[in-house]
Each structure stands twice: as structure tokens, then as C-alpha cells.
Amino acid sequence: GENVEQHPSTLSVQEGDSAVIKCTYSDSASNYFPWYKQELGKRPQLIIDIRSNVGEKKDQRIAVTLNKTAKHFSLHITETQPEDSAVYFCAAPKYNFNKFYFGSGTKLNVKP
Amino acid sequence: SQTIHQWPATLVQPVGSPLSLECTVEGTSNPNLYWYRQAAGRGLQLLFYSVGIGQISSEVPQNLSASRPQDRQFILSSKKLLLSDSGFYLCAWSQVNYGYTFGSGTRLTVV
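These protein sequence lines map, in sequence, to chains H and C.
The first sequence: position 67 = 67 (this note's numbering), numbered continuously.
The second sequence: position 66 = 66 (this note's numbering), numbered continuously.
Chain H on its own, in the form it takes in the complex:
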């Protein structure tokens, strides 16, 4: 099956700094890569996604980059705020079906 590795497992940054979370995947046919944010006790929510026909996508303070050759994609959060504190999950699909395998999660702590 698809193997998705996510690093780091925990990340602590000062408010206003940037945070970067990286994921690698194994199936070269994967073509869609979502990122989810999960606040404590709540459901994961889709925050940004990228398709394999682009290398970068931005939405205000968050961006995702994709390197298909190296099979890795990253989440970038700039000007971090305390409300960005949460667990972030990356995911990659199984090629022939819309079934996703998730990374193990990154707990981001933004210190005020």
C-alpha cells in the first residue's frame, strides 16, 4: 500500500515565525495531496490541497509545494499565530481509487 512519511512529529515555533512540515510518498502515480488540520478533540479539516500538475499553491498564510520527482510535498505556514496550534496531517491517495493514506501527524505549537 501507499506509505506516507511525515516529519517532524512535533514542531514548536515562536509566534510570527514560519513553520514547515514535510511528507514523502511512495506511489509515483499519486496525483492529489491534501493537508488537514485537527484541533484538539475535533475532526480533521481540509486546509489546502495540491494536484500533481502544479508545483505550488498558496492561500493567504499557508502554502503547499510539491516535488514529484523526489516524491515529497510540504506545508508552509508563515507569520504563525497561536490559533495555528494543532495537529497537521498530510495524505496521499492510492492511485486507482480515492482512498487516502495519512502521515502520522505533526503537532504544531505556536508560542505567543
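Derived by calculation from the structure, the hints in this document are not laboratory data.
Glycine included, each C-beta is placed from N, C-alpha and C at the ideal position.
Each hint can be trusted.
Stretches of chain C that chain H covers, calculated by requiring three or more beta carbons in the stretch to come under 8 Å of a beta carbon on chain H: (1) 38-47; (2) 89-103.
Counterexamples of contact, computed for chain H against chain C with all Cβ distances above 12 Å: (3) Leu11; (4) Gln14; (5) Val54; (6) Lys58; (7) His76; (8) Glu79; (9) Glu83; (10) Asp84.
Based on the hints, put chain C in the right spot on chain H.
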């Protein structure tokens, strides 16, 4: 717009008792449906997925089963719960090649 409903929100059940969690989706047809489990402080484990009525695929052999009696209804069941079944259960739906929308989750504690 599409919505997903999952209930109950919390559940405390004794070991050996049965389980039934229900999930329904509104505002879309023929969605892909999923059940995930999340242990405390851990990642998301895919349990079952379904591409249509009566079509269920199991990812992990375990004490659970799933059914899809209607297009937009997905049920997770167990005949006899184990302590290890405790966790946060999440239902999700998607259209092909799009990300998931998760339900609000059920926090199950088996005692």
C-alpha cells in the same frame, strides 16, 4: 451544499456489548464513504471504505464490520466490543479525486 452527520458524539460501552455508529451524507449522490479510527494522540487508521451500496472493503482485520444499506448511509458495527476498540471514530465522504470531509466524530470508550 453537502453535509455529513455522525452520531452519537460520545459513547461509553462495556466490554462484550454491541456497537452501532451511523453516518449519513446529504447534498450529494454516490459518495465514497469511509470509517477511520484514531487512538488518543495518534494518526488516522482506515478501517473500511465503500464505493457504492453494499460494497464494503476492509483495510484491517478486526472486531468491527461496516455496512452501507443506502447510498448515503454508512454504519459501523461490532457484535462484542473489546477494550482495544476504544478511540475516536470518524466517518468521511469524498468524490473521486477530491479530499475528504469528515464527520464530527464519535468518542468511544470501552470499559
